[in-house]
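For chain A, the structure is supplied; the task is to place chain B on it using the hints.
Chains A and B are the protein sequences, given in the same order. Per the working numbering, residue 1 is the first one in the first sequence, and the count goes up by one each step. Per the working numbering, residue 1 is the first one in the second sequence, and the count goes up by one each step.
Each hint should be verified, as a subset may be incorrect.
Unchecked claim - Keeping only pairs whose Cα atoms sit at most 27 Å apart, straight-line, the calculated DSS-like set for lysine-lysine is:
| # | chain 1 | residue 1 | chain 2 | residue 2 |
| --- | --- | --- | --- | --- |
| 1 | B | K216 | A | K155 |
| 2 | B | K181 | A | K48 |
| 3 | B | K142 | A | K152 |
| 4 | B | K216 | A | K156 |
| 5 | B | K142 | A | K149 |
| 6 | B | K142 | A | K48 |
| 7 | B | K142 | A | K134 |
| 8 | A | K149 | A | K112 |
| 9 | B | K216 | A | K95 |
| 10 | A | K18 | B | K142 |
| 11 | A | K155 | A | K112 |
| 12 | A | K152 | A | K120 |
| 13 | B | K181 | A | K3 |
| 14 | B | K216 | A | K60 |
| 15 | A | K77 | A | K60 |
| 16 | B | K142 | A | K77 |
| 17 | A | K18 | A | K3 |
| 18 | A | K120 | A | K48 |
| 19 | B | K181 | B | K107 |
| 20 | A | K156 | A | K60 |
| 21 | A | K3 | B | K254 |
| 22 | A | K149 | B | K216 |
| 23 | A | K152 | B | K216 |
| 24 | A | K77 | A | K149 |
| 25 | A | K77 | B | K216 |
| 26 | A | K95 | A | K149 |
| 27 | B | K142 | A | K112 |
| 28 | B | K254 | B | K66 |
| 29 | A | K77 | A | K48 |
Think of the hints as simulated: they come from the structure by calculation, not from any bench.
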Amino acid sequence: MSKFNLNIDKGSPTWQVKVTGTIDEDVDFGLFSLEGAQQIELLLNDVKSINSCGIREWIKWIGSAGQVPVVYHECPKIIVDQINMVQGFLPTLGKVQSFYVPFYSEDSGNEKNILFTNGKEFDESGGLHVPSIKDESGQEMEMDVVEAKYFKFLKK
Amino acid sequence: MKLMKIALPPGEDKIEIPEEWRRLNTPENLIHHLMWKSESQPGDICFGIELQPADVVQFILDHTLKKFVQFNSPWFKEDIEMSLRMSGSPTTYFSDPVRSVLNSSEKNDCHRGEWSFTDGTQKQNILDQVYGLLPNPSQVLKESVRAVFEELYMNAILDAPRESIRAGKEKYGYEKMTPAKISLGFDDSRLALACTDPYGTLEIHRFLSRMNEVYKRGAGQVVNLVREKGGAGLGCVILFEHSSALFLGVTLGKMTTVTSQIPLNLNHRQRASIHKSLHILE
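Next comes chain A alone, as it looks inside the complex (with noise of 0.2 Å):
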């Protein structure tokens, strides 16, 4: 069973590009080019890991696009804290549309992720609409993330 798959959808000029399971040493980006590509979409939520040989691999496949505009959709956390570890993670022409943030009841330990989207609990400029999130038995979760750090990228 293949731990990793990538799927290229070129039916228009905006490629919809989904990335699935885990991107490590044997990943070969080389088989799926970007190459003439006008506009890509990512779907990244399938993402499951990614480690430091990875994140080369992806900074160079994402890199061959040339200057074409980049959005990442629901990025899971590891793809967020990677946008804010690494330049050149999310493109220069890069944009996230949106991405997870984990949640977490003192009360119960219960986790959620929760999916964040640019203009509705984010925008562009960076400010914040946290909603409200509950766990099972209705209280309120907190945001389990450092914010100063995890959210720095929608800053840039």
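Okay, now just chain B, sitting in the frame of chain A:
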């Protein structure tokens, strides 16, 4: 006996021992008590107060330290005891890193599993087994365990053999060598994940210098985009960021053992407030 160096955050020049430490076991009393009891020399242990990871690395490099323990770590006492044990008997760490880090006893054995490997085909299977043993496997814990596992594993199968060949020491991969090994253990509050490879190519000063570079210049500026295979130069920071304490051990030309101590039962924000320790055994 003397209290060794104390590292303060940048910009501060006054030591202020927290009140809770004064009322209970103050750092000075605790350190003197432990050092007096121990038969080993204190060595060059440095005690930090609320230093960020980048500052820990910088301080260790600036003062050529082997052990850096932070006062406000929940495992401050355990960290010092472990430092003294390892100073007195470093071979114990290399022969059994997980039990050594967790101070496992016969009565309370913290060791949970051990897996040998020689290439990447075994990685997912071993990771699945590690996951299966985790206590209260929250998303937070699994994320850190996976991140540490990935970096340790990749380093053992790619970077360590490559460095060995580059140094002209070995011409063979794992088909000719003792397999690498991942081991796992945990107690009530800490998990230890260790990886041992039979190459012993870890250059600790270079490792720390790399971390320092990443912290100072930013990961994006220093990521190695040229190398075709092997590390990108970021794994060292990824390891430290996910650990509450990191242990770097090497017997040059023979063995490298790196152990990450990961906190249990904490969420992301609680973890972020823990100030990290770092230990070097050469």
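27 Å limit on alpha-carbon distance, applied to hinted pair K95 of chain A and K149 of chain A: Status holds; Cα separation ~17 Å.
Taken at face value, is the distance from the CA of K66 of chain B to the CA of K254 of chain B at most 27 Å? Holds, at roughly 20 Å.
Is the Cα-Cα distance between K142 of chain B and K149 of chain A 27 Å or less? 20 Å, holds
Does K3 of chain A lie within 27 Å of K18 of chain A when you go C-alpha to C-alpha? 14 Å, holds
Quick one, are K181 of chain B and K3 of chain A close enough, alpha carbons at most 27 Å? 22 Å, holds
Within 27 Å, alpha carbon to alpha carbon, are K18 of chain A and K142 of chain B? OK: K18 of chain A and K142 of chain B at ~24 Å, within 27 Å.
Measure nothing beyond the straight line between the CA atoms of K149 of chain A and K112 of chain A; if it is 27 Å or shorter, mark the hint as holding. 19 Å, holds
Between K181 of chain B and K48 of chain A, does the CA-CA distance stay at or below 27 Å? 24 Å, holds
Would you check the hint for K3 of chain A and K254 of chain B, treating anything up to 27 Å between C-alpha atoms as holding? 33 Å, violated
Regarding the pair K77 of chain A and K48 of chain A, is the alpha-carbon distance no greater than 27 Å? 10 Å, holds
Pair hint outcome, K216 of chain B versus K95 of chain A [Cα-Cα no greater than 27 Å]: 25 Å, holds
Quickly compare the C-alpha distance for K77 of chain A and K149 of chain A to 27 Å and report which way the hint goes. 12 Å, holds
Of the numbered hints listed earlier, the single one contradicted by the structure is hint 21.
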